[in-house]
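S.K.: Here is what each chain is made of, one letter per residue.
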Amino acid sequence: AQSVTQLDSQVPVFEEAPVELRCNYSSSVSVYLFWYVQYPNQGLQLLLKYLSGSTLVKGINGFEAEFNKSQTSFHLRKPSVHISDTAEYFCAVSDPLIQGAQKLVFGQGTRLTINP
Amino acid sequence: DAGVTQSPTHLIKTRGQQVTLRCSPKSGHDTVSWYQQALGQGPQFIFQYYEEEERQRGNFPDRFSGHQFPNYSSELNVNALLLGDSALYLCASSLGGQGDTQYFGPGTRLTVL
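Those sequence lines, one after another, are chains C and D.
Following this note's numbering, the numbering of the first sequence begins with 207 at its first residue and continues without gaps.
Following this note's numbering, the numbering of the second sequence begins with 109 at its first residue and continues without gaps.
Think of the hints as simulated: they come from the structure by calculation, not from any bench.
All residues carry an ideal CB built from backbone N, CA and C; glycine is no exception.
Incorrect hints may appear among the rest.
[What the hints assert, rightly or not] Cβ pair distances, simulated, as ranges:
#1 E270/C <-> G124/D: 44 to 54 Å
#2 Q248/C <-> I120/D: 33 to 43 Å
#3 G124/D <-> I266/C: 39 to 49 Å
#4 S215/C <-> G192/D: 33 to 43 Å
#5 G259/C <-> G124/D: 30 to 40 Å
#6 S236/C <-> T113/D: 26 to 36 Å
Using the sequences provided together with the hints, build the complete structure.
M.R.: Here's what the structure looks like:
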């Protein structure tokens, strides 16, 4: 079964500093990878996704992620964070071999806190 | 476009009761998935509906059941509620194709006392 490990439960960062949120997945076959953000008392919003092609994926709000098949990782990065980026971030994986819309398997989440 | 909507926003029940949660998908979407998010955890997949049938199911007991209507809206039913069922229940809709983005609603917060 697929699983996702988010290596940091909490990441505090100063405003305008760079940040990296780490995500590793366990699968020996091809996967689809996703990063979602959850603001307080809201549902999840897609930041970016990797289906195939270029390993560097650019998303909304200045975020990007790099798919590394050999290390089974999909780390999320932003070169300069803002107070408004304070939220919970979830990495998720799905199985492209399943027909139709695939179920998402989520990690435990990383709470990103931006300090002024 | 209203996006994915869920009702109610909050719900308080007691152990042993039954609950029904509702979801309206984003306009044009035909696939609805339900997730349970316990406090401090990532969402866990419950099941998915497409063309009014359950297409996939996660590791949840039969107390969790669902339904999809011809207009693609969906219900999640939970019978014989346990304290451990307290969670945020999220509905996500998509077009149903491989890799299609799942759009999430704001969720229903269920508290079981």
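S.K.: Indicate, hint by hint, whether the structure satisfies it.
M.R.: Hint check results:
At roughly 49 Å, the beta carbons of E270/C and G124/D sit within the given window of 44 to 54 Å. Roughly 21 Å separates the CB atoms of Q248/C and I120/D, a value that falls outside the hinted 33 to 43 Å. With their beta carbons about 44 Å apart, G124/D and I266/C fall inside the hinted range of 39 to 49 Å. Taking the beta carbon of each, S215/C and G192/D are about 21 Å apart, not inside 33 to 43 Å as hinted.
The hint said 30 to 40 Å for the Cβ distance between G259/C and G124/D, and at roughly 51 Å that hint is violated. Take S236/C and T113/D: their Cβ atoms lie about 34 Å apart, and the range 26 to 36 Å holds.
Figure legend: structure checked against the earlier numbered hints; hints not met, in rising order: 2, 4, 5.
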